[in-house]
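Numbering (full-length UniProt numbering), first residue to last: 1 to 98.
If you're looking for bench data, these hints aren't it; they were derived computationally from the structure.
Pair ranges (Cβ atoms, derived):
id	residue 1	residue 2	range
1	K2	H26	18 to 24 Å
2	A97	T34	30 to 36 Å
3	G58	A97	14 to 20 Å
In this text, a Cβ means the ideal position worked out from N, Cα and C, and glycines have one as well.
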Amino acid sequence: MKIYEGGRDLDGAQVTVDGRPLDPRHDLRRYSRTGFEWTYEGDGPRQLALALLADHLGDDQAALRLTEPFMRRVVAELDNAWRMTGADIDAALARLAE
Numbered sequence: 001m002k003i004y005e006g007g008r009d010l011d012g013a014q015v016t017v018d019g020r021p022l023d024p025r026h027d028l029r030r031y032s033r034t035g036f037e038w039t040y041e042g043d044g045p046r047q048l049a050l051a052l053l054a055d056h057l058g059d060d061q062a063a064l065r066l067t068e069p070f071m072r073r074v075v076a077e078l079d080n081a082w083r084m085t086g087a088d089i090d091a092a093l094a095r096l097a098e
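Let the sequences and hints guide you as you build the complete structure.
The structure is reproduced here in C-alpha cells:
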C-alpha cells in the first residue's frame, strides 16, 4: 500500500509517495503554477488533490471528477505535516459518496 506524505521546509511544500516526489499531473490539468499546498481551499490544494487521486486511483477521469470535493473535504483539512495511506484515501472517498 502506498504512503503519501507532505511537509514544509526551506524549499517550500514537499509531497512524496513512497519516498519519491509526487507527480503533480500537469498533463491532466494545471491548477497551480506554484506547486502543492494544503490546509485551505485554493489552486495549490486543488493540484494536490488531483495528483493524489490520479496516483491512487490510476483513473485520470475519476481523479478529475473527484478533485474538487476531495480538495474541500480532505486536502483543505490536512495538518502542516501529514501522512496518508491508500486506505485513508479510500476511506475519504467512501465518505464523499455518502
